[in-house]
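Work the whole structure out from these sequences, hints included.
Counting with full-length UniProt numbering, you get residues 1 to 197 for the letters of the sequence shown.
These aren't lab readings, by the way, just hints derived from the structure by calculation. Hints are not guaranteed to be accurate.
To be verified - With beta-carbon atoms standing in for the labels, derived distance ranges:
1. Lys131 <-> Gly194: 26 to 32 Å
2. Arg84 <-> Lys119: 27 to 33 Å
3. His32 <-> Asp185: 37 to 43 Å
4. His32 <-> Gln183: 37 to 43 Å
5. Leu27 <-> Ala162: 46 to 52 Å
6. Leu126 <-> Gln158: 18 to 24 Å
7. Arg73 <-> Gly23: 38 to 44 Å
8. Lys131 <-> Gly82: 16 to 22 Å
Virtual Cβ for every residue (Gly too), placed ideally from N, Cα, C.
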Amino acid sequence: MFAHIEGRVAEKRAGELVIDAGGVGFLLACSHATVAAAPAMGERFRVYTHLSVREDGMELFGFSTREEREMFRRLCAVSGVGPRTALGILSTLSLRELSLALLTGDANAIARAPNVGKKTAQRLILELKDKVEQADVEEGVGPAILPANASAAQEAVQALMALGYSNLEANRAVSAVRDRADQADALVLLALKGLGG
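The following block contains the structure:
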């Protein structure tokens, strides 16, 4: 119904924005990332929207980017995940972190979100893994997580996971140092330094 709303930021609080557009104040439920991206009160801001209609009422959700809205819709399409749960996931993990967790099967990272148990996290991974691409992970600032031919980096990630680090932690640590060594054992040592281990 609404593709986006553009207007002045009238109110800004945890999990919510009010955008004044044409004299109407639109109350939008937003992720922490979207609230943080909003400018100061009184300044103009464009919010991409999703209208959720249920028996007990309607709720308007707002996102600072089309990509975040698209991920929200993907999450909501999974059985057992409602709009509020999807918003909680997007408030706990950045879009890049969530894409990486889905790609690498890191259920523990997703389960950190409120009202998301291990089973729900695993269902999300099962249903969305094929819909997330390496490009979604690489969009953020910084190097790509793992190039397709990075066998040494992949071995280093496996080694770190064997030491008890999560898939997400291991990928991040190796990503930060992968340009500094070609051998898996050297990457592991460098990554451990970065992890404080």
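Hint check:
no.	hint	result
1	Lys131 <-> Gly194: 26 to 32 Å	holds (30 Å)
2	Arg84 <-> Lys119: 27 to 33 Å	violated (18 Å)
3	His32 <-> Asp185: 37 to 43 Å	holds (38 Å)
4	His32 <-> Gln183: 37 to 43 Å	holds (39 Å)
5	Leu27 <-> Ala162: 46 to 52 Å	holds (48 Å)
6	Leu126 <-> Gln158: 18 to 24 Å	holds (21 Å)
7	Arg73 <-> Gly23: 38 to 44 Å	violated (29 Å)
8	Lys131 <-> Gly82: 16 to 22 Å	holds (19 Å)
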